[in-house]
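Chain residues, written in single-letter form:
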Amino acid sequence: MTLLPYAHALVAREDLPIPAWLFAWGASIVLIASFFALSVAWRTPRFEDDRWRPYGAGVSRVLLGIPLQVLCGAIGVLLLGLTVYAGLKGTTAPDRNFAITFAFVTAWLGFPVLSVLLGDVFRPFNPWRAIGRAAGGVFRAAAGQEPRHLPYPEGLGRWPAAAGLVAFVWLEIVYGPSGGIAVALSPDDAAVAALVYSGYTLAMMGLFGVERWCERGEVFSVYFGMFASLGAFAAREGRFGMRKPLSAAGRWAVVPASAAVVIASLGTTVFDGAQEGGLEGPMESVGEWLTDAGLSEIAATRIADTAFILLCIGAIALVYELGVRGMASVRGAPPLDRLRSAFAHTLVPIALAYLVAHYFSLFVFQEQAQFTYLLSDPLGDGADLFGTAGSGIDFRLLSANAIWYVQVAALVVGHVIGLVLAHDRATALWGDYRQAARSQYWMLAVMVAFTCLGLYLLSVANS
Amino acid sequence: MATLLLAHVSHYLWVLYIPPVLIVLGSIAWTMRAERRRRD
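From first to last, the protein sequence lines stand for chains F and X. In the working numbering, each residue's number is its place in the first sequence (first place is 1) plus 337. In the working numbering, each residue's number is its place in the second sequence (first place is 1) plus 29.
Hints may be right or wrong, so weigh each one.
To be verified - So these bits of chain F aren't anywhere near chain X, every CB distance computed over 10 Å:
1) 366
2) 391
3) 401
4) 407
5) 411
6) 426
7) 429
8) 500
9) 512
10) 535
11) 645
12) 648
13) 677
14) 743
15) 747
16) 786
To be verified - Not the full set, but computed from the structure, chain X residues with beta-carbon under 10 Å of chain F:
17) 42
18) 44
19) 45
20) 46
21) 52
The set of hints was computed from the structure by calculation and includes no laboratory data. Cβ atoms here follow ideal geometry from the backbone N, Cα and C, with glycine treated the same way.
Could you build the full structure based on these sequences and the hints that come with them?
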């Protein structure tokens, strides 16, 4: 079994009917046409009210009831435990160890898509939330009162989650690979990181409360919840129901530093795509410069890669800021701070598009491993629990062209949705649909820039 | 020779991804100028 480069689209060279850069032109034309259609036809805001309607009490009783919550929580804790155990006791080969594929592929890439389709599915499975709630229950039973928590500093917002997201991706694609010295993060390091994160998360839950920390600081809750806000299904006040798709994204983004979370998501994905393409040369040069300065090869590579991941995040933030400042120049614009938070949710579909475009082929291939030999032999020690340990990955499942077309479609659809959300918010803020349309020239520029950047990164990575 | 030339050209293909962005930015600048002229 060959070692797999993690977190990259896995594809052979495609045989396209037109050059890849022409796809970028075509995608840009689609965005421009969408913009004009929105300017003419979308004159009033439609997503300010999500029109959430609850399903019958029976559905809520089943989906939100204690038995299912306990079961899902127990499964989450079991999987976390298995990940840690496999990481510490299993094989050191990342591609043969359950821990690496489960944490960095199945969960990290699977939950965003599931969240869009089914709602916040991570919430009942969140192992730390389950442990925190159980601990809270024990405290209540023993002390006869609710556990007391510190008030969460509202100005802090989602900054802890944004920082944690960058740290997670850094661990996976900077600390682990280290410039090709290692293929991926070692299972042992992943397990230790999981234990450290568990301790930190449970401590924060103890300080600020389980639900508060999950809303603001717990990386996976915030990250998967961000994508869930695009979807149609949501629980509210103890009832499960349906809302207008995309309508909750704006409300998700009102918490301070929500823009930081989505920009971190975009920036880290851009870095992952760029590090094997446009940024490969500069990163190697900086690494060599640091090695010449006396640092070890691994330290030099990690520092160089860290600088460039921060550069990518900064570049995404700069493009967004330019778009916001452009909108601020249009007559009737709200204050800059308000604009920054008011349009942060428009980047969420783009973050999802980038995620799907960059990683879906890896997901399709690696999930074959997850549900065959990694399930039967999670420690990579020769076990065959379910008789599938001898199975392999069929790379013929997706052709190179199919991968490229899915990537282009994901980017185009994601950016069109981003444009729709931006236009809708502008009609709510400006009132006059003509002024709103004028303000959206800038977001159109942002969307076209992100689309062309995304397709450029993918075309270089694929070639 | 042709192969060498193509190999060099491929380093600059990224340039072809920029025109759509420039066209949109140019349109914005043109629209803003037209509006300013209308107001004056």
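Quiz item: Is the Cβ of residue 648 (chain F) more than 10 Å away from each Cβ in chain X?
Solution: Given that every Cβ of chain X is farther than 10 Å from that of residue 648 (chain F), nearest at about 17 Å, it holds.
Quiz prompt | Least C-beta distance between residue 391 (chain F) and chain X, which was stated to exceed 10 Å | solution = holds (43 Å)
Practice problem: Over 10 Å to the closest beta carbon of chain X is the bar; see if residue 645 (chain F) clears it. | Solution: Holds, because the least Cβ-Cβ distance between residue 645 (chain F) and chain X comes to about 17 Å, which exceeds 10 Å.
Quiz prompt | Interface hint for residue 45 (chain X), Cβ within 10 Å of any Cβ on chain F | solution = Nearest chain F Cβ about 4 Å off; hint holds.
Quiz prompt | Distal placement of residue 429 (chain F) relative to chain X, Cβ over 10 Å | solution = holds (38 Å)
Quiz item: Would the hint on residue 46 (chain X) stand, with a C-beta cut-off of 10 Å toward chain F?
Solution: holds (4 Å)
Quiz item: Holds or violated: is the Cβ of residue 407 (chain F) farther than 10 Å from all Cβ atoms of chain X?
Solution: Holds, since 51 Å exceeds 10 Å.
Self-check item: Least C-beta distance from residue 411 (chain F) to chain X larger than 10 Å
Solution: holds (49 Å)
Quiz item: Closest CB-CB distance from residue 366 (chain F) to chain X, is it above 10 Å?
Solution: violated (8 Å)
Quiz prompt | Interface-negative label, residue 512 (chain F) against chain X, beta-carbon threshold 10 Å | solution = Holds, since 29 Å exceeds 10 Å.
Quiz prompt | Evaluation of the interface hint that places residue 44 (chain X) against chain F, nearest CB under 10 Å | solution = holds (9 Å)
Quiz item: Can we confirm that no CB of chain X comes within 10 Å of the CB of residue 535 (chain F)?
Solution: holds (42 Å)
Consistency with the previously given hints fails for numbers 1, 16, ordered from lowest to highest.
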